[in-house]
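Peer 1: Residue strings, one per chain:
Protein chains: 2
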Amino acid sequence: MASTAPKKLVELFYDVVSPYSWFAFEVLCRYKNVWMIDLHLKPVFLGGIMKITGNKPPCENKVIHSRKDVYRMSEYLKVDFKLPSDPSTTMFRKGSLKAMRFVTAVDMIDSSFTENVSRILWSRIHRNDEDITEVASFQLVGKQAGIEPEMLNKAISTITDATIKKRLTDYTEEALEKGAFGAPTIVAHVNGKQEMVFGCDRFPILANILGEKWVGPVPEIPQTKL
Amino acid sequence: MASTAPKKLVELFYDVVSPYSWFAFEVLCRYKNVWMIDLHLKPVFLGGIMKITGNKPPCENKVIHSRKDVYRMSEYLKVDFKLPSDPSTTMFRKGSLKAMRFVTAVDMIDSSFTENVSRILWSRIHRNDEDITEVASFQLVGKQAGIEPEMLNKAISTITDATIKKRLTDYTEEALEKGAFGAPTIVAHVNGKQEMVFGCDRFPILANILGEKWVGPVPEIPQTKL
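Chain order of the listed sequences is R and G.
Quick note on the numbering used here: the first sequence kicks off at 1 and runs consecutively.
Quick note on the numbering used here: the second sequence kicks off at 1 and runs consecutively.
No lab work stands behind these hints, which were simulated from the structure alone.
Just so it is clear, the structure is predicted and the values come from calculations on it, not from any experiment.
You may find that some hints are simply not true.
Which copy is meant is left open, because identical chains are indistinguishable; a pair holds if it fits in one copy or across any two.
Cut-off 30 Å, straight-line C-alpha distance, at most; resulting in silico cross-link-like pairs (BS3-like, lysine-lysine) [what the hints assert, rightly or not]:
| id | residue 1 | residue 2 |
| --- | --- | --- |
| 1 | K68 | K154 |
| 2 | K7 | K178 |
| 3 | K178 | K8 |
| 4 | K32 | K42 |
| 5 | K68 | K193 |
| 6 | K78 | K68 |
| 7 | K62 | K165 |
| 8 | K82 | K68 |
| 9 | K8 | K62 |
| 10 | K62 | K32 |
| 11 | K62 | K7 |
| 12 | K94 | K68 |
| 13 | K193 | K62 |
| 14 | K68 | K8 |
| 15 | K62 | K166 |
| 16 | K56 | K94 |
| 17 | K98 | K78 |
| 18 | K68 | K7 |
| 19 | K42 | K7 |
| 20 | K193 | K82 |
Next up, chain R with everything else stripped away, as it sits in the complex (with noise of 0.2 Å):
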């Protein structure tokens, strides 16, 4: 018999500059429908939540480190990843601003289409050592997505609007309240409370909070019942 009980809501705030909130993102997305919860993808700038916090970028053995451990997360949770070919240049210097302002134009158009965009860009920075910084990138992600012509061009024509703007700020404050210092930043929301988790290593904790289990990173689905 299937349980009456309301899906608890879980938020992602993500960046797809970030290749831990990728892997989190993937590793929600095959739970959503195993667990008992709603998932909430909300885009934030990770450029914003560390320069405000004064989260300082990690020392060199932490950097050697990172490249290595990246690589392994992603082996470990089955997702196919490549670093890009200059990740400094990619990732800090040309950075997901308007990335993440594409995202947030098309949730805020449609937020069906959200997961998709996202996955596509991800592919594009963190797997194809592809570009996420032009118009006609957004181009190709909004198509391979399946975005309605009218409604991608649209949403690449607003990306410098003020409400795009304020809605990415709105959600980056939103994750900073929660206690955000970086991406993924997870909040489960259980019995009245919210939970913050970090990261992508913490899925056996968060599931003590859901109340669920956690049976590694690919989940069987259930089969739904006739």
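Please arrange chain G on chain R, whose structure you already have, making use of the hints.
Peer 2: Okay, now just chain G, sitting in the frame of chain R:
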């Protein structure tokens, strides 16, 4: 039939000031008779690692989150833990330099006591809110660990000797050479290669590296076959 393959060396570089080091230590101590590993405990001085790598203390939001995360991890990894009543005084102002010299002195005389002495020091600072800086504390710890008075007095009286200081420095430098930027730093020796893993949240990754299976924080200990 018991495997005749030689055990794989796993080094744990740790400091008793670090709760996450304690959690990694307990999990590895549980697994040392489950996985085919030879666990080598290597006491280091975390303060030195942080200073030399330039690894900065975390921003405020991260500190707030860590104080929650450390309890969640202790619960998940089944280590009975409580933060000291005044964490910054205990962990940063008083620190662990003398304690780690004491562990080193014990380790150099008879390394069979290193595990127990470390565990008791962790229990004092990170469960019972007790001192780990005074000679009287080291007397209690040594006695509780079952060290004979003669050896214990020898260990305590040599804490400030150059050989003890040098060995602590040597292990700390060795950790740095292996890429450490904090603790716990775990180094697995597999097929002539050394693989460094950081933290107490990478056990599935460590298992992969070792070709072993991660079965959660409390594995069943295999029964000795007669």
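Peer 1: Tell me the hint numbers this structure goes against, listed in increasing order.
Peer 2: 1
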